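Novice: Sequence:
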Amino acid sequence: MAVEQMLDRRVRGKTRTTLDLRAGQYAIYLALTANDLGAQEDSDTYLDLAGQHAQEAGDRLLSDCVAAVGQLVRLLPE
Numbered sequence: 716m717a718v719e720q721m722l723d724r725r726v727r728g729k730t731r732t733t734l735d736l737r738a739g740q741y742a743i744y745l746a747l748t749a750n751d752l753g754a755q756e757d758s759d760t761y762l763d764l765a766g767q768h769a770q771e772a773g774d775r776l777l778s779d780c781v782a783a784v785g786q787l788v789r790l791l792p793e
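When you line the sequence shown up against our numbering, it's residues 716 to 793, in that order.
Treat the hints with care, as some may be off.
Here are the simulated distance ranges between beta carbons [claimed, not checked]:
1) LYS729 - GLN755: 12 to 22 Å
2) LEU752 - GLN786: 15 to 25 Å
3) ALA754 - LYS729: 28 to 38 Å
4) GLN755 - GLY728: 18 to 28 Å
5) ASP751 - ASP779: 29 to 39 Å
6) GLU756 - LEU776: 33 to 43 Å
To be clear, the hints were calculated from the coordinates, so they are not data collected in a lab. Quick caveat, the model's predicted, so the values are computed rather than measured. Where a beta carbon is used, it is the ideal one built from N, C-alpha and C, also for glycine.
Could you build all of it, start to finish, from the sequences and the hints given here?
Specialist: Laid out in structure tokens, this is it:
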């Protein structure tokens, strides 16, 4: 079962935090992949999603990674 599908269900506590953390990490990888493929809109969407998951998980490191990747993809040549 996909992480997003599990998060749509009633999941609480540490399990919810872990799933949000993993979903945020996957979203960062998808954002980087989309950027490499030239799909900037998709990359931005995945970065937004990663940021939402970081906020839900309360994970500052993930939030900082989202910000760093966001700056990185804006600096890379298109």
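Novice: Work down the list of hints and note, for each, if the structure agrees.
Specialist: Structure-based check of all given hints:
no.	hint	in the structure
1	LYS729 - GLN755: 12 to 22 Å	violated (35 Å)
2	LEU752 - GLN786: 15 to 25 Å	holds (19 Å)
3	ALA754 - LYS729: 28 to 38 Å	holds (34 Å)
4	GLN755 - GLY728: 18 to 28 Å	violated (36 Å)
5	ASP751 - ASP779: 29 to 39 Å	violated (22 Å)
6	GLU756 - LEU776: 33 to 43 Å	violated (26 Å)
Checked against the numbered hints above, the structure violates hints 1, 4, 5 and 6; every other hint is satisfied.
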